[in-house]
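Colleague: Sequence:
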Amino acid sequence: MGMNDQKKILLDNKGVDELTSTVADWMQSSGIKGISLTRARITVETVVLALSEHTGGSLDVFVSMKRFLGTNTLYVRYEGESYNPLKDEVSDEWTSTILSTVAVTPSWRYKDGINELSIRIPRKRIKDEMILLGSAVLAVILGALGNVLPEQTVNILSDFVLEPIETVFINLLGTFAGTLVFLALVSGICGMGNVSELSKVGKYVTGRYLVMSFVCAGIMGAAMIPFFSFVWGTKQTSSQLDKLFKMIVDIVPPNPVKPFMEGNMLQIVFMALIIGAALLMLGNKVSVLQTGILQASSVYMRIMEMICRIMPLYIVASLTLLFWSNGFSIFKTIWKPIVYSMILANLIMFGKIFIASVRYKTSPFLLIKKVIPTYLIGLTTASSIAALSPALDICENRFGISRQLGRFSFPIGALLYGGTTSGGYIAIIYYLAEAEGISVDAGWFIMAWLFITIVSLTLPPVSGGTLIGLGVILAQFSIPSTNLGIAGTLTLIIDFLVTSAKVGMMPVEIANQAAHLDELDVEVMRRK
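Counting from 1, position 519 in the sequence shown corresponds to residue 519 in our numbering; the numbering is continuous, with no gaps.
Derived by calculation from the structure, the hints in this document are not laboratory data.
Treat the hints with care, since some could be wrong.
Unchecked claim - Computed cross-link-like contacts, BS3-like style, restricted to lysine-lysine with a CA-CA straight-line distance of at most 27 angstroms:
no.	residue 1	residue 2
1	K246	K258
2	K352	K203
3	K285	K352
4	K7	K111
5	K528	K352
6	K8	K111
7	K203	K285
To be verified - With beta-carbon atoms standing in for the labels, derived distance ranges:
no.	residue 1	residue 2	range
8	V215	V524	23 to 29 angstroms
9	I355	A277	32 to 38 angstroms
10	F227	P150	54 to 60 angstroms
11	I343	A277	18 to 24 angstroms
12	Q6	M247	56 to 62 angstroms
13	T153	M247	43 to 49 angstroms
14	F354	P150	56 to 62 angstroms
15	L517	G292	27 to 33 angstroms
16	I114	L145	55 to 61 angstroms
17	P150	D25	54 to 60 angstroms
Glycine is no exception: its CB is placed at the ideal position from the N, C-alpha and C atoms.
Make the full structure from the sequences, and use the hints.
Modeller: Okay, structure coming up:
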């Protein structure tokens, strides 16, 4: 039986096994293997078991799998009353919407007497780090060819091929980034439930993420200062503090359109917080609008994923232009922000794990072993959201965190936990300030810490999301726009390294939250 055929199955115990095996066979025939196959099979089995238990094993379901644009989607349809088997697996519609845009998490709908479950299964593709490596190697080859190609040829390639690619990619990010950040924050606030919930669990969780982001960024920023050769000034502190004060005042936009036209992330965040809070207070009165925002956020997230698929072209273009303009001598110093941010981000992660092991009286090596799956996903995708499915399993089954808190906290943390990302940005700004000979002082470092951390909190948790804040940050610190190519390339590389540390330590951070809220089973955490 082919994967495009529809199969009728009686959903008793035998039928559950038959359905799961059939789906696994379909996926294997499509070239889906490894973790994608395992996660999809577990997801399918969990959902159909819930459906079988609800109906007493007497329900006939119709199963099919369709392929569109290289992506497989499994459909399970059944007639009768409206029943969502995901309601016990997903805490709310907001979390369900976020989950359905990534990995293999199912979504449900009911129309014309038919219940439909759909599960999008990621297509098999080359790993992101291999694409990144291949792009960098190609750029090095093209950079070397610049020394032997005629100058006229190099100029033509620069003006009509490489620079347009670089410009188009950055412009595409800028076109959709502001709206994506706005929708993500508004939908995140709406997902907190109600005002009383926000004032309790939601307020504590979001507040802790924000505090930890500033602390983590501050530690990384301070630790890196001795490793860069700055031009120290003596008369800039007041001007930098004036800039900081002006930045705070300018957070309030003069009109609702200007922030999106100018890509002012801080003003966009301010508007999102105000509108999100208003929607939260109105509750069910604006449920249709809330649902629309959730769906729009999913659309924009998918658009951003599509844009980031052309990231390899941007890497090739920006690195090649960098080599042609500066030569390969750039390698003498370009390693500094990469190595320092990687080392410090991982030291913070290991430090957090060690402190947790002492607090909960367990082995740090055991905790490291438990978080390795999310760490590796972050390292290979540079996306917090990509680690969502295994992270939820780790939080509940390996750390003893309550299901409700894990499913609430991790998506929030993916958006708001920006400490290591901020540290990566700070390393890049330090490097560019050193290269450009920009005068710095204590006020400059305080400004870098506060401004970069705030901007980092607004970035979408997808591969390439950190590129969105580049223009804002470079302009704030008077770094020439000619550095955009090297800054973008560094951002893409560092994004993989700091995201891995971020998602690696998030289960530990959520465990600390759970301990405070009395929703942690320490015995599960200690279990091997």
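Colleague: All hints are to be evaluated individually against the structure, with a verdict given for each.
Modeller: We went through each hint and held it up to the structure:
1. K246 x K258: Judged against 27 angstroms, a Cα distance of about 17 angstroms means the pair holds.
2. K352 x K203: holds (22 angstroms)
3. K285 x K352: violated (42 angstroms)
4. K7 x K111: Holds: K7 and K111 sit about 20 angstroms apart, inside 27 angstroms.
5. K528 x K352: holds (19 angstroms)
6. K8 x K111: holds (20 angstroms)
7. K203 x K285: holds (23 angstroms)
8. V215 x V524: 23 to 29 angstroms: holds (27 angstroms)
9. I355 x A277: 32 to 38 angstroms: holds (34 angstroms)
10. F227 x P150: 54 to 60 angstroms: Given about 41 angstroms between the Cβ atoms, the range is violated.
11. I343 x A277: 18 to 24 angstroms: Hint violated: Cβ distance 39 angstroms, outside 18 to 24 angstroms.
12. Q6 x M247: 56 to 62 angstroms: holds (58 angstroms)
13. T153 x M247: 43 to 49 angstroms: holds (45 angstroms)
14. F354 x P150: 56 to 62 angstroms: Given range 56 to 62 angstroms: holds, Cβ gap about 58 angstroms.
15. L517 x G292: 27 to 33 angstroms: holds (32 angstroms)
16. I114 x L145: 55 to 61 angstroms: The hint (55 to 61 angstroms, Cβ to Cβ) holds, given that I114 and L145 are roughly 59 angstroms apart.
17. P150 x D25: 54 to 60 angstroms: holds (57 angstroms)
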